[in-house]
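> Okay, here's what each chain looks like letter by letter:
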Amino acid sequence: MPDEPRFPPVPPPGDPAGDELDAAPPFLDWTGLYLIVAAALVVEVAAFTALTLIYR
Amino acid sequence: MSALDWLVLLGTLGVIVGYGVWKTRGRQDMAGYLRGGRQDKWHTIGLSVMATQASAITFLSTPGQAYQDGMRFVQFYFGLPLAMIVLSIVFVPRYFQLHVYTAYEFLESRFDLKTRQLTAFLFLLQRGLSAGITIYAPAIILSSVLGWPLRLTCVFMGGIVVLYTTLGGTRAVSQTQKQQMVVMLGGMVLAFIVIVARLPPNLSFRNAVHIAGSLGKLNVVDFSADPTRRYTLWSGLLGGCFLAMAYFGTDQSQVQRYLSARSIAESRLGLLFNGLLKVPMQSLILFVGTMVFVFYQFNLPPIFFNQAELARVHATAADGQMRVLEQAHAVAFEHKREEIWRLDRALARGDSAAVAAAEGSVRRAEAVSASLREQAQRVIASALPDANPKEADYVFLTFVVRNLPRGVVGLLLAVILCAAMSAVAGELSALASTTLVDIYRRSLRKQASDAHYVRAARLFTVGWGVLAILFATFASLIDNLIQAVNILGSLFYGTVLGIFLVAFFLRRVRGTAVFLAAIVSESLVVWVFLRTGVSFLWYNVIGCLAVLGLSALMSYGRPVASSR
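Read top to bottom, the protein sequences are chains U and Y.
Numbering of the first sequence is given in the working numbering, commencing with residue 53 and proceeding in unit increments.
Numbering of the second sequence is given in the working numbering, commencing with residue 1292 and proceeding in unit increments.
Next comes chain U alone, as it looks inside the complex:
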């Protein structure tokens, strides 16, 4: 097989696979969900830091 640079094809407009890529979540939007996961981590790290400082 020749060693050529390749990239997997992107589905053309109207292709169901392409539509699925853009599908919205059943609640909120993707950015909102990502922010919730990241915010939960920040809260957890802050809570554990507080616990550590209290009992240091």
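Quick caveat, the hints were computed from the structure, so don't treat them as lab data.
Pairwise CB distance ranges (calculated): (1) U:A75 - Y:S1643: 49 to 59 angstroms; (2) Y:A1488 - U:R108: 22 to 32 angstroms; (3) Y:S1495 - U:R108: 18 to 28 angstroms; (4) Y:G1848 - U:A91: 37 to 47 angstroms; (5) Y:P1680 - U:A75: 50 to 60 angstroms; (6) Y:M1292 - U:D81: 46 to 56 angstroms; (7) Y:G1824 - U:R108: 17 to 27 angstroms.
Heads up, incomplete: computed chain Y residues facing chain U, CB under 10 angstroms, no partners named: (8) M1362; (9) Q1366; (10) L1371; (11) P1372; (12) L1373; (13) V1500; (14) N1510; (15) D1513; (16) I1555; (17) E1557; (18) R1559; (19) L1560; (20) G1566; (21) L1567.
Remember, predicted model here, so these are calculated numbers, not experimental data.
C-beta atoms are modelled at their ideal positions from N, C-alpha and C, and glycine is treated no differently.
Given the coordinates of chain U, work out where chain Y should sit on it, guided by the hints.
Okay, now just chain Y, sitting in the frame of chain U:
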């Protein structure tokens, strides 16, 4: 173990396995067998992803780790939620776009066959060996504490998993994992409630937490920048994020879980669900261990939790020495308990000067107890050179069997067996898929019927299952190999992740460049492992960045890849 415990244990396992087999009965085509017919919803995906990662050791060792070292291990999981976000944005759409069965298929469409088969081979090597350890590790502890025959335990656990994984394929794995994860989470919540209820009635929960904190069990976050320290905030966030990206994004045992989602959205939601729940779940398990520690501040703990090894020492010439240490340990315990009650009374009065003084006394008393336990370990090591001097794995199970009520013991054993079975099922299913798709169908039998490939996949599942059981059955003879396998996994993840990130982001890079970069990077990781004291979480960062950097360097000035 009581009849009620056996009933709860076997009933829980029987219902879950029966449900999985019943739910996936009937004929299946290859897509159905390997990807579950893409029917799963996000909660099934999320629980299934969590169950695949949670092995029995998670529930056996983690509370023991908190008992001995506090809750700092939770930092290991801090990078995981970030990795779930990256996977949802970058990895999932690409896998779904190409309708792949395995992660490694993607690499051939982007690079070439040799890169695909290199990563598939590394997966088969590492997962094939670790499947046996996933069975063996809990079996050795269960057999030691409960007196179950080791080989029979391995064959029983492995045999059930092989049965339902072979019959129902990926869908049976996901369906059973969902139920198993519910049992695991419910069991740990119940364990926490029962343990707290077993603390002295006149001790408030708040004071129990304070006692744990005073003895260093709540020192969770370590801000040290020292790369040789195993768990720090930075290694957890950065190294843990790279490790989680590698494990969840490139290890087929995980990729297969979210490829069975009915849509990209369900797949992403499942991963985010995992990202949201993982840190709280691990915190709960560690906190259970912390409460077991508090319990043993009021109830005399054994001087060494591996009771089978302790009994062996008593049968040697070191018996007298050990008895003296046990007596001293009991006296030190009584003194420490008095000091802890003094601390409790000072806390109740709100007298901060008395609290500080009592905390100092409690810490000194704990240092005396710890010193006696260390002496006991040295006696064990010298009397029995083949004994395992580490007892963390035995703390939780010994506590459960000795102190929890009938029925709850059976449920917690079901938690441990569910964890072992869910992890092994995920591994066997992924091993069979990779062998079929990346080796057999790609290189050995390209044009065959769907029914032929399903039969072959079933055969590969049985084959890998039998190998895993055999490995587990004879693992006690090859202890060094077990350590080697555990190290092997952490050595390859960073490099494999680097290959995938190059595929996604560096469009100039060709197959040969990334292949060579991977080999050089892997050599670098092995050198870091052999020659430096750098903690293993950083290997993932080093391997991944080396592949990215070297690939970019070798491809500088080349044309950008175009869509095919």
